[in-house]
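There are 2 protein chains.
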Amino acid sequence: MNEFDLIAQFFTRAPRRPEIVLGVGDDAALLAPEPGTHLVVSTDTLIEGVHFAAGAPAFDVGYKALAVNVSDLAAMAARPIGFLLNLTLPQADAAWLGGFRDGLFALADSLDVDLIGGDTVRGPLAVTITAWGASPAGTAVRRSGARPGDRIYVSGRLGEAALGFLSRSGAITLSAEARDAVRARLDRPAPRLHEGLALRGLASAMIDISDGLVADLGHILEASAVGAEVDLHRLPLSDTYKGAFATLGYDPAIGFGDDYELCFTVPPDRGDALAGMASQFACGFHDIGEIVAAPGLILRDGGKIYTAGRGGYDHFRS
Amino acid sequence: MNEFDLIAQFFTRAPRRPEIVLGVGDDAALLAPEPGTHLVVSTDTLIEGVHFAAGAPAFDVGYKALAVNVSDLAAMAARPIGFLLNLTLPQADAAWLGGFRDGLFALADSLDVDLIGGDTVRGPLAVTITAWGASPAGTAVRRSGARPGDRIYVSGRLGEAALGFLSRSGAITLSAEARDAVRARLDRPAPRLHEGLALRGLASAMIDISDGLVADLGHILEASAVGAEVDLHRLPLSDTYKGAFATLGYDPAIGFGDDYELCFTVPPDRGDALAGMASQFACGFHDIGEIVAAPGLILRDGGKIYTAGRGGYDHFRS
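Protein chains in written order, with the working numbering: chain R, 319 to 636; chain A, 319 to 636.
Note that these hints are calculated values from the structure, not bench results.
Virtual Cβ for every residue (Gly too), placed ideally from N, Cα, C.
Be careful, since some hints might not be right.
Unchecked claim - Anything over 10 Å on all C-beta distances counts as not near chain R; from chain A, calculated:
#	residue
1	His356
2	Pro375
3	Asp378
4	Gly416
5	Asp420
6	Arg486
7	Pro585
Claimed, not checked - Chain A residues, not near chain R, derived (Cβ > 12 Å throughout):
#	residue
8	Ala374
9	Arg419
10	Phe483
11	Ser487
12	Ser493
13	Asp526
14	Leu592
15	Gln598
As the list claims (entries may be wrong) - Selected chain A positions facing chain R (in silico; Cβ < 8 Å):
#	residue
16	Leu348
17	Asp437
18	Pro442
19	Thr448
Using the sequences provided together with the hints, build the complete structure.
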C-alpha cells in the first residue's frame with residue numbers, strides 16, 4: 319500500500335458540510351466562511367507512550383485525537399466544521415488503520431464534522447489533528463474574561479479519567495462495571511460541545527480540563543489577572559470516586575486532567591439564566607467557587623487550606 | 319523550563335495581521351476572514367531522519383517546515399496569513415529552540431505571516447505546521463483544471479535539491495560555491511509565493527514539486543483525467559546540474575523532489591499573457607511540454623521514450 323492508496327482507502331470521503339469547498343486531495347483545502355463569523359482553530363498532537371499507551375486500541379486513538387480538539391472548540395463556544403489529520407505511522411497496517419479510521423469517523427459523524435485534508439508520513443506513531451470551527455464574530459468565550467465575583471463552574475464529574483488510568487495501572491480496584499465506565503471516560507472522552515455552545519453569552523471565561531482543574535483554572539486566572547477560591551467539598555465526584563476517596567484524596571480529581579469537562583466562570587447576574595438552561599444537560603454544571611481580585615488559587619477543604627500534590631501535566635517538567 | 323515557559327519564551331509574539339483576532343495563548347485561535355474570500359489550508363509533518371537529517375541545523379528545520387506549507391498555498395495561488403506549529407521535542411533544549419525559532423520567524427517575517435497557535439509535546443523530534451491563506455472566492459488554482467492543448471510549465475530549476483542531497487552524501491563532488499548553493503536549495507527552499515499569486519487567472523492547474531516532477535505532474539494528470547508529453551531536453555537544469563549530467567542523467571531532476579518549484583498548465587490562449595508577466599520573476603517559467611487527452615505521462619528524450627528510474631518519494635513504498 320503506498321501513501322496515496324492509504325489516503326484513498328481510509329481517509330477520502332466527500333465532505334458533507336456546505337462550508338467545505340474542496341476537501342482531501344489537492345495542495346490545500348478550501349473553506350467558505352459564513353459572513354459575520356470568525357474561524358476558530360485548535361490543534362493537538364498525541365504521541366504513543368505519552369498521550370496513549372503503546373498497543374492502545376486504534377479505535378480509541380482515532381476517537382480521542384478528534385475529541386480533544388473538539389473539546390478546545392467547545393471551550394471557545396464554537397461550532398466545529400472540519401479537521402485536518404497528520405498521521406505519523408511506523409508502517410501501513412491495514413487493520414490498525416481501519417480501526418483508527420472507524421474511531422475517528424464515529425466521533426466525526428456524531429458531530430457532523432468533515433475530514434478535509436492532512437499529511438501521512440512514516441515515523442514513530444503520532445497523531446496531530448487541527449480542528450476548525452466558527453462562531454458569530456464577538457461571541458467566542460476566551461480565558462481572559464473572568465472578573466471578581468464571578469462564580470466558577472465545572473461540567474460533569476472530575477477525576478473519572480484518573481480513575482480509568484489508576485484502575486488500569488492496578489493502583490485501585492473497581493467493580494467490572496465501574497472500571498469499564500471510567501476507562502471509557504479516559505479512552506473516549508465526550509467533548510462537551512453542546513454545553514459549550516449553550517454557554518455562549520453566559521460564560522465570561524471558559525477552558526476545557528485537559529491538564530487538571532488546578533492547571534486549567536490557573537490558565538483562566540492568569541489570562542484574566544484574577545484569583546479564585548475553590549471549595550473542594552463542592553467538587554463533582556462520582557460515587558465510584560467517593561468510594562475510593564480514602565485512597566485517592568482530592569489530587570486525582572484536580573491534578574490528573576484528561577477529563578475534557580468544561581471549567582467556566584459566570585457573572586453573578588447571569589446565574590439565573592445558567593440555572594434556567596442547565597437542566598437541558600445531563601452532565602450538570604457544578605458551582606465550585608468564586609473568582610476573587612487577589613491573585614492565586616486557594617483550595618478550601620472545610621476550614622483548612624489544601625495544597626495540591628500535583629499541578630497538572632507538563633511535558634517539559636524538569 | 320516548563321511547557322508554558324517554553325511557549326512564552328520562544329513562540330509568543332503579538333500577531334501583526336489584521337485578520338488574526340486572537341493568537342497564541344487560548345484554547346483556540348480566532349481569525350476574521352475577509353468577506354468574499356475562501357480560506358485555504360495546508361499541513362505538512364517533518365520527521366527527523368525522514369524529512370531532515372538527525373543533527374540538521376535547527377534554523378533550517380524551522381525555516382523549511384514553514385516553507386513547504388507556504389509552497390502548498392502558493393500552488394493554490396493563495397496568500398498566506400498565519401500558521402499553527404505542533405512541535406514534538408525529545409527535550410527542551412534552549413539553543414535548539416532558539417535556532418528553530420529564528421529560522422521559522424525569518425521566513426514568517428519575510429512573508430508577513432503570523433504564528434497563531436499550536437501544541438508542544440515530548441517525543442521523537444517532529445514538526446507539523448498548518449498554514450492558512452486566503453484567496454478571492456473562485457480563484458484558487460486546483461490540480462484538476464488541466465485540459466488537452468494546455469502547455470506545461472515549471473518555475474526555476476529542477477534537481478537542485480537533489481544535487482544538495484547528493485553532494486552531502488558524497489555521490490557527487492562540486493565546487494564549494496556550487497555545493498553551498500544547492501545545499502541552500504535543499505535546506506532553505508524559497509516558496510514561489512509571488513509567482514503563484516501572479517498565476518491566478520492564468521494557470522489552469524498547479525502543484526508544487528515536493529515529490530518530483532513525475533509524481534507531482536502525475537497528480538495533475540490524475541485529478542484532471544488527462545495525459546502529458548514532456549520534452550526532457552526542455553527541463554530547466556542549472557549549469558551545475560549540466561556539469562554533472564553524465565553522472566546524474568535525468569532521474570534526480572524529475573524523481574527526487576524537494577524542489578518546491580511550481581508545475582502548472584496554461585491554456586494556449588493565455589500563453590501571451592504569461593509571457594508578458596514572466597519577466598517580473600527572476601526564476602523564469604519554462605515550457606516543458608503539453609497536456610494531451612490520452613492518459614499517461616510520456617517523457618521524450620530526443621527521438622526516444624524515456625522511462626524514469628524513480629517515481630517520486632513515497633513514505634509507504636513496500
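### Query
Can we trust that proline 585 of chain A is non-interface, i.e. its beta-carbon lies farther than 10 Å from all of chain R?
Holds, because the least Cβ-Cβ distance between proline 585 of chain A and chain R comes to about 19 Å, which exceeds 10 Å.
### Check on aspartate 420 of chain A being off the interface with chain R, judged by Cβ distance over 10 Å
holds (20 Å)
### Message
Quick check for students: does the CB of glycine 416 of chain A sit more than 10 Å from each CB in chain R?
### Response
It holds; glycine 416 of chain A is separated from chain R by about 15 Å at its closest Cβ, greater than 10 Å.
### Status of the stated non-contact between serine 493 of chain A and chain R (beta carbon gap over 12 Å)
holds (34 Å)
### Task
Would you settle whether the hint for threonine 448 of chain A is holds or violated, based on the nearest Cβ-Cβ distance to chain R being less than 8 Å?
holds (5 Å)
### Message
Minimum C-beta separation from serine 487 of chain A to chain R exceeding 12 Å: can you confirm that?
### Response
Correct as stated: the minimum Cβ-Cβ distance to chain R is 20 Å, above 12 Å.
### Non-interface claim for phenylalanine 483 of chain A, where every Cβ of chain R lies beyond 12 Å
holds (18 Å)
### Query
Once the shortest beta carbon distance from leucine 348 of chain A to chain R is found, is it less than 8 Å?
holds (5 Å)
### Message
Beyond 12 Å on every Cβ pair: is that true for alanine 374 of chain A relative to chain R?
### Response
holds (15 Å)
### Separation of proline 375 of chain A from chain R, once the least beta-carbon distance is taken, above 10 Å
Holds, since 20 Å exceeds 10 Å.
### Query
Are all beta-carbon distances from aspartate 378 of chain A to chain R longer than 10 Å?
It holds; aspartate 378 of chain A is separated from chain R by about 18 Å at its closest Cβ, greater than 10 Å.
#### Entry: Beyond 10 Å from each Cβ of chain R, as asserted for arginine 486 of chain A
At roughly 21 Å from the nearest Cβ of chain R, arginine 486 of chain A sits farther out than 10 Å, so the non-interface label holds.
Hints 1 and 13 from the list above are not met by this structure, while the remaining hints are.
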